[in-house]
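**Q** Listed below, chain by chain, are the residues.
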Amino acid sequence: MAQHQVNYSQDGGLPIALTSIDKVVNWGRSNSLWAMTYGLACCGIEMMASGASRFDFDRFGTIFRASPRQSDLMIVAGTLTKKHAEFIKRLYDQMAEPRWVISMGSCANTGGMFNTYATVQGVDRIIPVDLYLPGCAPRPETLQYAVMMLQKKIRAEKAGKAQRPKRLL
Amino acid sequence: MQQPNRLRPFFENITFDREDNEMIVNFGPQHPSAHGQLRLILHMQQEQITKAHPDVGYLHRGMEKMAENMIYNEFMPTTDRMDYIASSSNNYGFALAVEKLIDVQVPRRAKVIRMMLLEINRLMSHLFWLATTALDIGAMTVFLYAFREREYLMDIIEDYCGARLTHAAIRIGGVPLDIPDNFLHDLRVFLNKLPENIKDYEDLLDTNRIWLMRMEDVGVIPEEMALSWGCTGPMLRASNVKWDIRKEEPYELYDEVEFEVPYSDKCDNYARYKVYMQEMRESAKILYQTIDMYAETVKNNETELMAHAPQYISAPKLELMTQNYSLMQHFVLVTQGMRPPVGEVYVVTESPKGELGFYINSQGGPYPYRLKLRAPSFWHTGILTDLLPGHYIPDVVSIIGTTNIVFGEVDR
Amino acid sequence: MRAYKPKDDVQKKSYYTDRYWIAPQVPTSKVEDDAVFAADLAAIKAKFDVSDAYIQVEQMVVYIKPEDNYAVLELLRDELGYTQLSEMSAIDWIAKQGQFEIFYQMLSMSKRKRLRIKCFIDEKQAIESVSPLFRSADWSEREMYDMFGTIVNNHPYMKRILMPDDWEGHPLRKTYPLQGDEFAAWYEVDRIYGKEARAIIGPEIRDSAEVDRLDTERFSRLGFEVPMGAEPKAADAEPTVETLQEEGGVFLVEKFDEADGHIIEDRKR
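Residue numbers (my numbering), protein chains in the order written: chain A, 1 to 169; chain B, 1 to 412; chain C, 1 to 269.
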């Protein structure tokens, strides 16, 4: 058996990294954001494209899950109509804390070009949103940048304290 | 805080009725394999479906109402969001309908460019169809391969119009831009590679045991049923009706190009898959011919891109900058909009999904009085009512896959 | 005086129309010009009343009585080869003549011809369903009912299709505004959170150019930034014309001081 002598005072010091619980937990959370496939309209296609071969979302640790129970992140990609609104609320409630929401595209942000009777004027009327992503439709690069921004946001959060659930009301 | 009883569903997700053993399953509207926002209410005996109610409208954004409150040119970008897999084909359908209404002739070079865009869109749509259907059935590799090819096409179309998904690349009366320098080269490189790619997909799928089990003799649509339900496009051609609007009622320059219309008499999912694959090859064939046609227009020095109809369509930029009256007309056309003649028109084109029709009723004002969008997917969703009973629950996914429905188009 | 706005048609209208503007017509031709259409029209005329028929943009338009719709379509399908109903819907003419116009767009694949059957029904009048003939009419008629509120008799499943079941109003009627009525504006809030949440969530912002200068959560105040979510204080207030003036005034421009001003008492001075 080989004997290794570790010289603690030299060679870069102790084989220990000191950090805070916050940082470790947030490092874990931010690097495995499992997104829920919430493709509603055109933006959903770009969301698929960002998960597919060219843009390869898996590099970010972002894997699309089909179930709200297994996902941390809801990417609302597309137009939310009034008929659909109750389902988004129900699926959001089914996601486990901590959870984040990206509103992708103009329609999800504000209703966008569909200023009509049937469109919800912004998904933030139904669920709390962490990040708004402009564009119609946003390119896959934009979505990836948004996820990177969200990771940044998560890393700035306190992890140890019990998270206050985000609610609209 | 949400009140627990407020969001009670219309019925519980699954109910067991002990007397007749019938089960009601709710599928969607947010199901990963529902191709958007399809909701199916399935009545089942064991695993067999006895009754199916497709519930649509979860993406209804009121496009027809928007059209009544918009000038004609303003509505063009909205058509992009109908069949968002192949935006230009919607742009084209609308542009053609208005052109028929105001009766203008589109210059030849614009026609060639439009045909290129249409066929590129058809390829994009079919590749996307293949990718998603294969993914739903479990073939992840095909999904990744087909998306790779689709990205090449998206780059080509981005070179032309600057957008990946929502192109708005076609104007009423022509096209806004000539094709960029490297466009034809890129397209040719892609087309040279495409047959190999299609062969790759077919090698992966054609004789694949799982693929065959999910596709063969599943979702059989007899000819009468397809006609009665208003099926068009590949759905109809796979049901033994050789009907392609490009061939039968040619628009643009489709009567000048040579291509075959693939069809099948097997009527099942597999037949539809083969029709789609064959159509991709035919699209490539048309694209090769349009490249030559474009070269011809260059040789003949036909540089016009927009039709000449000063009453309806703005003059070219040079004229706007030099002639006062053109500028005045342009100002009126932009602020008030064109006023087509009183009348109505129903114009069909062969979009990748089927017969895309625009019914426009104009009362001489700058806003259409009534605009009805005839989207093929609407009826391809409706047919599920009659098609699903008798099938088993795994077949639902493969049938929805091969109907190739897009919900921007179903709900409009 | 406020400008009069008609209540029976609230759709957008052009802000300017020339007084002498006469809209041109899409040219129509006689049915006799086309042999195939002429034969079809003769077959329809032999059995039914046809009030008008002409060819417009390569398609024949035939006006029939609304009671005949089923029989005419049956004739077209079984004897004249019009095997597909491509499309059907309604047009709202209530403001003009109190009627809906219903059109059936037919396709004959053997003849490569398309024709349009049209009829007028009154606002409350019902029309017979053609879904036993063409299954595609099943969904079209539902959509027509959903969008216009036209009642269809003997339909197998007469329910709304695009709008939710508990929706009020028929969106494609000309009396229905594009951005929806009161019910539409609060639909999702009422349904999910209840009416009592209206005050908290607030009304929809329909103006795409709306900027709330006091909302520091969603809008930045360029040049006068405050931390996100903070209340803007008086010191952060936006400058007015007076505050922008330099102290002591600019050369040739006197700084206005209210104390120096005097009110003119005598207007005729």
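It is possible that part of the hints are untrue.
Unchecked claim - No farther apart than 30 Å at their CA atoms in a straight line, the calculated lysine-lysine pairs in the DSS-like style are these:
| hint | chain 1 | residue 1 | chain 2 | residue 2 |
| --- | --- | --- | --- | --- |
| 1 | B | 100 | C | 111 |
| 2 | B | 266 | B | 242 |
| 3 | C | 118 | A | 89 |
| 4 | C | 195 | C | 174 |
| 5 | B | 100 | C | 159 |
| 6 | C | 111 | C | 96 |
| 7 | B | 193 | B | 51 |
| 8 | B | 299 | B | 274 |
| 9 | B | 247 | C | 111 |
| 10 | A | 89 | C | 159 |
| 11 | C | 30 | C | 118 |
| 12 | C | 124 | B | 242 |
| 13 | C | 5 | C | 65 |
| 14 | C | 113 | C | 195 |
| 15 | C | 159 | B | 51 |
| 16 | C | 113 | B | 266 |
| 17 | C | 113 | B | 285 |
| 18 | C | 118 | C | 159 |
| 19 | C | 111 | B | 285 |
| 20 | C | 124 | C | 30 |
| 21 | B | 274 | B | 193 |
| 22 | B | 100 | C | 118 |
| 23 | B | 100 | C | 13 |
Simulated from the structure, these hints should not be mistaken for laboratory data.
**Q** Each of the hints needs a verdict: does it hold here or not?
**A** Outcome of the hint check:
Proposed proximity of residue 100 of chain B and residue 111 of chain C is supported: the alpha carbons are some 21 Å apart, at most 30 Å. Using a Cα cut-off of 30 Å, the hinted pair residue 266 of chain B and residue 242 of chain B holds, with the two alpha carbons roughly 13 Å apart. Distance check on the hinted pair: residue 118 of chain C and residue 89 of chain A sit about 44 Å apart at the alpha-carbon level, beyond 30 Å; violated. At most 30 Å may separate the alpha-carbon atoms for a hinted pair to count; residue 195 of chain C and residue 174 of chain C meet this at roughly 28 Å.
For a cut-off of 30 Å, the pair hint linking residue 100 of chain B to residue 159 of chain C is broken: about 35 Å separates their Cα positions. Restraint check for residue 111 of chain C and residue 96 of chain C: not satisfied, since their Cα atoms lie roughly 37 Å apart, outside the 30 Å limit. Restraint check for residue 193 of chain B and residue 51 of chain B: not satisfied, since their Cα atoms lie roughly 45 Å apart, outside the 30 Å limit. With a C-alpha separation of about 38 Å, the suggested pairing of residue 299 of chain B with residue 274 of chain B is violated against the 30 Å cut-off.
Simply put, residue 247 of chain B and residue 111 of chain C have alpha-carbon atoms about 14 Å apart, close enough for the 30 Å limit, and the pair holds. Straight-line distance between C-alpha atoms of residue 89 of chain A and residue 159 of chain C comes to about 25 Å, which keeps the hinted pair within the 30 Å bound. Under the criterion of a C-alpha separation no larger than 30 Å, the hint pairing residue 30 of chain C with residue 118 of chain C is consistent with the structure, at around 17 Å. Annotation: proposed proximity of residue 124 of chain C to residue 242 of chain B is violated, straight-line Cα distance about 42 Å (limit 30 Å).
Straight-line distance between C-alpha atoms of residue 5 of chain C and residue 65 of chain C comes to about 34 Å, which puts the hinted pair past the 30 Å bound. For a cut-off of 30 Å, the pair hint linking residue 113 of chain C to residue 195 of chain C is broken: about 54 Å separates their Cα positions. Proposed proximity of residue 159 of chain C and residue 51 of chain B is supported: the alpha carbons are some 17 Å apart, at most 30 Å. Only pairs whose Cα atoms come within 30 Å are accepted, and residue 113 of chain C paired with residue 266 of chain B is accepted, the gap being roughly 27 Å.
Between residue 113 of chain C and residue 285 of chain B, the direct Cα distance comes to roughly 28 Å. Compliance with the 30 Å bound is thereby established for this hinted pair. At roughly 24 Å between alpha-carbon atoms, residue 118 of chain C and residue 159 of chain C fall within 30 Å of each other, so this suggested pair holds. Straight-line distance between C-alpha atoms of residue 111 of chain C and residue 285 of chain B comes to about 28 Å, which keeps the hinted pair within the 30 Å bound. Of the pairs offered as hints, the one joining residue 124 of chain C and residue 30 of chain C is violated, with about 33 Å between alpha carbons and a cut-off of 30 Å exceeded.
For a cut-off of 30 Å, the pair hint linking residue 274 of chain B to residue 193 of chain B stands: about 20 Å separates their Cα positions. Between residue 100 of chain B and residue 118 of chain C the CA atoms are separated by roughly 21 Å; this keeps the pair inside 30 Å, and the hint holds. Using a Cα cut-off of 30 Å, the hinted pair residue 100 of chain B and residue 13 of chain C holds, with the two alpha carbons roughly 24 Å apart.
The structure fails hints 3, 5, 6, 7, 8, 12, 13, 14, 20 (numbered hints given earlier, in ascending order).
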